[in-house]
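Participant: First to last, the protein sequences are chains A and B. The opening position of the first sequence corresponds to residue 1 in the numbering used here, with each subsequent residue numbered one higher. The opening position of the second sequence corresponds to residue 1001 in the numbering used here, with each subsequent residue numbered one higher.
Just so you know, these hints were derived from the structure itself, not from any lab. Cβ coordinates follow ideal geometry from the N, Cα and C atoms, glycine included. Incorrect hints may appear among the rest.
Stated by the list, open to error - Take a look, some chain B residues computed to stay more than 10 Å from chain A by CB distance:
#1 K1008
#2 R1011
#3 R1017
#4 Q1034
#5 D1066
#6 E1092
#7 R1098
#8 F1114
Claimed, not checked - Just some of the chain B residues that point at chain A, by a computed CB distance under 10 Å:
#9 Q1061
#10 G1063
#11 I1110
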Amino acid sequence: MRGLVINMSENKYMIFLGCLIPYRVSSYEISARRVLHNLGVELVEMPEFNCCGLPLEPISHELALILSARNIAIAEREGLNILTLCPGCSGTLKKANRALKEDRALREEINKHLKEAGLNFEGSIEVKHVSQVLLEDVGLDKIKKSVVRPLKGLIVAEHSGCHLSRPKKYIEFEDPENPKALRMLIEVTGAKCVEYMDETECCGATVAGIDDKIPLYLVREKLSHIKEAGAEALVTICPSCHLMYDANQIRVERMFGEKYGIPVLHYTQLLGLAIGFSPKELGFEELRVKPTKVIDYVLGIPATS
Amino acid sequence: MSENEVAKPSRIDPKFRYEVIKVPGGENLLRCFQCGTCTSDCPIARFNEEYRPRKIIRMAQLGLKDKIVESDFLWLCASCFTCTDRCPQGVEVASVIRALKNIAAKEGFIPQIFKMQLSNVIKTGYVYRIPESRIKRREALGLPPLPRGNSENITKSIQKLEIMKILEE
């Protein structure tokens, strides 16, 4: 294994995969597990799982709260904080965790339902998105030290997605109008992160189940802005955003008769390349828009150690 | 509601606003002073003619309950929370709209996709039907076994919810 592993016990999390990653976005999970292991973040699997509740919140807020609280209660039983790869999951679990910790009447009400299933929400753990764990627990210094193949000369664009920071009042992670977390994490790999128009615009994924055309317009706009900015790849940290820009890119190209050919990488894939893993070890084969140019370029960079 | 249509008084529910502010997320409905920041910054409104968050909020304030709960546009919110973060009045627009969806659901207006997703969650824990082949493929990809949902246990914790009764009907 590459890199020095220290303080394993401090960086131990229960990993919450969410629904979309095991369903359609394995490349994110493959690369995240590699990178986190390398950086000394220990992941424990959940004994049982259910959806965070976000997709069902439109029909019942209470239902979503119970689904979130169940997962938090399960992690509490194991005495572990939760790490998620999906910002939709972390946002939903964070909001539920906070509401249930702060509001005693609500906690009692939700616990009545959980009791039926032998569970109880105590309010003893925290929920973090992987980018937050990388920034706050691993730290940029340690990430920088683990880089053996600085991605010098590679120009990328970032898309943080909405749920990583919105609604600001409840997520309290970073500034949604000027997101910096992903940008900092990209720059530590040596790659250049360019700015582009409407960087914080939504991908539209959550509306796809109701109207599958709207996201295509949003994706098209995003890709054209990225192309104008001269980025060779787009970097995401959300499986929904990734799916919209990667899997939908070919559909968008066909629908509008335009060509983008912009590979969409999970941040953990980009970091994984810089840490020295091979594209195969990072699930690059799973990507729809083939990142051949990026891979050829990166593999041509001499390793520093 | 089309631009030329005038709401009939019989379809106005003056108490609707008080119903909305009792739903978690709907509390700040009455703070809205119709500046339109939400609509102008809404990614969905840019590519859809029907979806206008400012208008939905106004309709709720006025008590046009039927028009809201029976509408299709209500379900178009992508819950990106841009409107919530930018609202100068702290209305938490996306949450008010979600509260309105919850009310519509209680009245039995539930798009098919949610029924399907809930059924998947109850059966498997996951919102999607993940094919067994995909779950088995994890091993070949070097991934640990996928945690399974505990269907019976999930059911126990949600069966007393009002929404479950509505869905059974």
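Participant: Flag every earlier hint the structure violates by its number, smallest first.
Facilitator: 6, 7, 8, 9, 10
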